[in-house]
Amino acid sequence: MGTLASVFEQSGLATVAISIIREQIEATQPPRALHCEFPLGRPLGKPGDSVFQHQVLDAAFDLLKAKSGPVLVDYPEEIDDNADAPLSCTIPPTDDSDKHPAEAEARGLLPVWRRSYEKYGRTTVGKVVTPEQVPEIVTLFARIADGEDWTSVGLPGDPTKLGADIKNFYEEASLSLSDGVPGARQAETWFVTQTKAGDVIQRARVALEKQEAGSYFTTYILPMTQVRNPEDDSNA
Amino acid sequence: MSDKIVRKMLSRLEGYSFDEVPWVTPKPLSECRVAVVTTAGLNQEGNADWNPGDQGFTVLSGKKSDFTLGHYSPNFDRTGWVVDSNVVIPLDRLDEMAAEGKIGSVSDTHISFMGAQPDHTLETIRLDTGPAAAKILLEEEVDVVLLTPV
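Quick mapping for you: the protein sequence lines, in order, are chains R and B.
Residue numbers for the first sequence follow my numbering, so the first one is 1 and each next one is one higher.
Residue numbers for the second sequence follow my numbering, so the first one is 1 and each next one is one higher.
These are computed hints drawn from the structure, not numbers from a lab.
Here are the simulated DSS-like cross-link-like pairs (lysine-lysine), alpha carbons at most 30 Å apart as the crow flies: (1) K99/R with K196/R; (2) K119/R with K64/B; (3) K196/R with K210/R; (4) K63/B with K119/R; (5) K102/B with K67/R; (6) K63/B with K135/B; (7) K65/R with K27/B; (8) K63/B with K27/B; (9) K4/B with K196/R; (10) K135/B with K67/R; (11) K67/R with K27/B; (12) K99/R with K210/R; (13) K102/B with K65/R; (14) K64/B with K102/B; (15) K210/R with K8/B; (16) K65/R with K135/B; (17) K135/B with K102/B.
These numbers were taken from a predicted model, which means no experiment stands behind them.
Build the full structure now, drawing on both the sequences and the hints.
See the structure below:
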């Protein structure tokens, strides 16, 4: 972010950067930066709060009055994520008794996901598969979790991107199973710790490690703060 | 408290700084045309993917709102973005600021790169794609760029 700002400034454009990792901005020294200790992924702080967003923008553009730089100012309000408080969601039952329980769960969420999409008009699903394909991909990960070779189950693409499609599908569905705008990472923790598909991805991640699938796959298939070994949990 | 852990880990990463801080003195803000450059890995027209290490950029039309977020990292919240895209690319807020006369106007064109690049020197961005993206905004008569990360 900081280096990119300097590239634009050097090209003749005045820049002001919102900072979200303070040490990176200190290291890269862009001309003007407003450091916002807000949840990662929410640089304007509060979704759905136009008043707050305007306050942040006013503070950012105010830095354009400086006569010289680098300028680095801290926004006076901090916002924490809520990863420690998973959403409370009731997943609709399904009658897919012939399916893997995690696939049945995902199928039950399809109409819910569609409600979220109709409401917000945006999705982050689609790196490899469509939302409609997500349930069958969950079963492929379940087979990996149960010990099958990850290269032979028929994954249609990069397992990290497929894992993201599953996680994002669940997070977006959760928006229609809970009230209001969730805190940052609440849906993430719900997915990883409260759902069958989250458990499947966690166990598949361990299986991918054992199969030496590659550090990129095992590092980025789940958020780094959500990584745990279910076998360790059962031995605790 | 996950973000505190992620921030602590990312704070150790190296960063590239210029020998001298470049500096442009802008016109009064009320006369400036403003564009957003984000590192969220935004696309349009349904493409929700962005490969790790890709230092290219996408040109975003501010006339459409069909943005997708393709950033490869799982280490940030996406639900805020789904609920309200302004929390990443605040085009509605900028339109309101233009209507109030706080800024001159909002560019029809915006840019996205993707952050969390494994090559901290950002050589391709510094020497190729960054200047190319800036040229596009200069041709749109943009004066001020607001940069937003995720």
